[in-house]
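*Asks:* Dock chain Z against chain X, hints included.
Listed here are the chains, written in short residue letters.
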Amino acid sequence: MPPAIANTAILTFSGETQLTTELDDIETLVRTYRPRILRYVAFSIHDMDVAESITQDCFLKAYNSRASFRGDCAVSTWLISIAANLVRDHTRTQKFKFWRNVSNTAVDVTEMAQQIASNFASAERCMLAKEQVAHVQRALKELSAKQRSVFVMRFMEEMNLEEISHATQMPVATVKTHLHRAVTAIRAQLKTSTAKGVTR
Amino acid sequence: MTVKFADARNAHLTDEQFSDYVLGLASAEVEAHIAQCPPCYAEVAELKSSIATFSSASHMWSASQPAPSLGAMRRKALLYSMRPVAGFAMAVVAVISVAIPVGRSQREAARPAEVQTAAVAAPAAPQVTEADDAPIAVAPKPVHTARLVAASLPRESESVQQDNAIMSAISDEIASPVSGTIQSVVSSASGQ
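Note that the protein sequences, when read in sequence, are chains X and Z.
51 is the number of the first residue of the first sequence in this note's numbering; add one for each residue after it.
458 is the number of the first residue of the second sequence in this note's numbering; add one for each residue after it.
Bound conformation, chain X alone:
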């Protein structure tokens, strides 16, 4: 067998072996992917308590149905597709109470923004970072559930359009449309906030 093919075979075999191990051990699965799934869910629904619950359900569901994973996408994409379904189900049931219960368990990243800015050791950068985070967070609240979901996938989870399409079961063109609307809405929000001089 030519070396190139042999290497590929070995790599492929290794990849599949690692894949199988990853899914068969729920502890490894959670340890590896929990921050990503929690981040996606929390910023899609903006409710920390519910996000914890949905994240847990996502891993339990994934572990229980690991035999159905065909390996046609990354494990992370597969997990996010499960989480997206759970978020969609939650959104449907909480349609008009969606943002009313945010106050006590909302995710607040403005304090985190200060940590980021502190890495640059500039008070001005600190303030700017907090403002930027507040503006984007405010803009996210105005998006529809689908727009927010694809925005989080694209800009926070750095998924490409094909991966987002696979996770959301939406055509690429539809994903692109939602992303365009999300970016336009955030752009408009930033303009408005800057014009009004709105700060955190």
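By construction, these hints were calculated from the structure, which means they are not laboratory data.
Worth double-checking, as some hints may not be accurate.
What the hints assert, rightly or not - With a straight-line Cα cutoff of 30 Å, these simulated DSS-like cross-link-like pairs (lysine-lysine) come out:
no., chain 1, residue 1, chain 2, residue 2
1, X, K196, X, K111
2, X, K191, X, K111
3, X, K241, X, K191
4, X, K241, X, K196
5, Z, K505, X, K196
6, X, K241, Z, K505
7, Z, K505, X, K191
8, Z, K533, X, K111
All figures in this text were calculated on a predicted structure; none of them were measured in a lab.
*Replies:* Relative to chain X, chain Z alone:
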């Protein structure tokens, strides 16, 4: 291809072109314009910087969240995998809890009707003697007639009542004394 915005400060790109650039899908023409247009460049830079800062903050936030007890997670996974079995067991319990009372009520409803009869005395055939003035023996009236005590169905009780009425009428008829005309007819018939 450019379209003017309502805002004259940035009347260079359409919303779609601007979004394409932010998404990394821009054409070479759009990229060239942004590189040469300070207002567009500034706005794109501000938007991308804001999104990047928010993304970084969210990563730091998620990394700082306490992880659940993995042992508890493993136990929950085991329970989660048993949900179909548990659901089936609960369904069986539910069926049994309903079936038992229903079965009891049906058995009580279908309890066979009690037959109350001490004796069934068929009415004896009248004894007609050859003697003229010998009275025709009166058949003893049945002490008890067979009765069916209907336990449930009205239809059965109606038919039972009808049967009882007929039998009572027959008993009365047999028990009643035969008239003189009939007696003479019977006597002449026996004498022939």
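*Asks:* Under the criterion that the straight-line Cα-Cα distance not exceed 30 Å, is the pair K241(X), K196(X) satisfied?
*Replies:* The hint holds at about 23 Å.
*Asks:* Decide if the proposed pair is consistent with the structure: K533(Z) and K111(X), CA atoms, cutoff 30 Å inclusive.
*Replies:* Distance ~11 Å between K533(Z) and K111(X) Cα, so the pair holds.
*Asks:* Check the hint pairing K191(X) with K111(X) against an upper bound of 30 Å on the C-alpha distance.
*Replies:* 28 Å, holds
*Asks:* For the pair supplied as a hint, K505(Z) and K196(X), is the alpha-carbon distance within the 30 Å limit?
*Replies:* It holds: about 21 Å lies between the C-alpha atoms, which stays within 30 Å.
*Asks:* Given the hint that K196(X) pairs with K111(X), test it: the Cα-Cα distance must not exceed 30 Å.
*Replies:* Within the cut-off at roughly 22 Å; holds.
*Asks:* Do the alpha carbons of K505(Z) and K191(X) lie within 30 Å of each other, as the hint requires?
*Replies:* 18 Å, holds
*Asks:* Quickly compare the C-alpha distance for K241(X) and K505(Z) to 30 Å and report which way the hint goes.
*Replies:* With a Cα-Cα distance of about 13 Å, the restraint between K241(X) and K505(Z) holds, given a limit of 30 Å.
*Asks:* Mind checking the alpha carbons of K241(X) and K191(X) for me, to see if they're no more than 30 Å apart?
*Replies:* 16 Å, holds
The structure meets every hint from the earlier list without exception.
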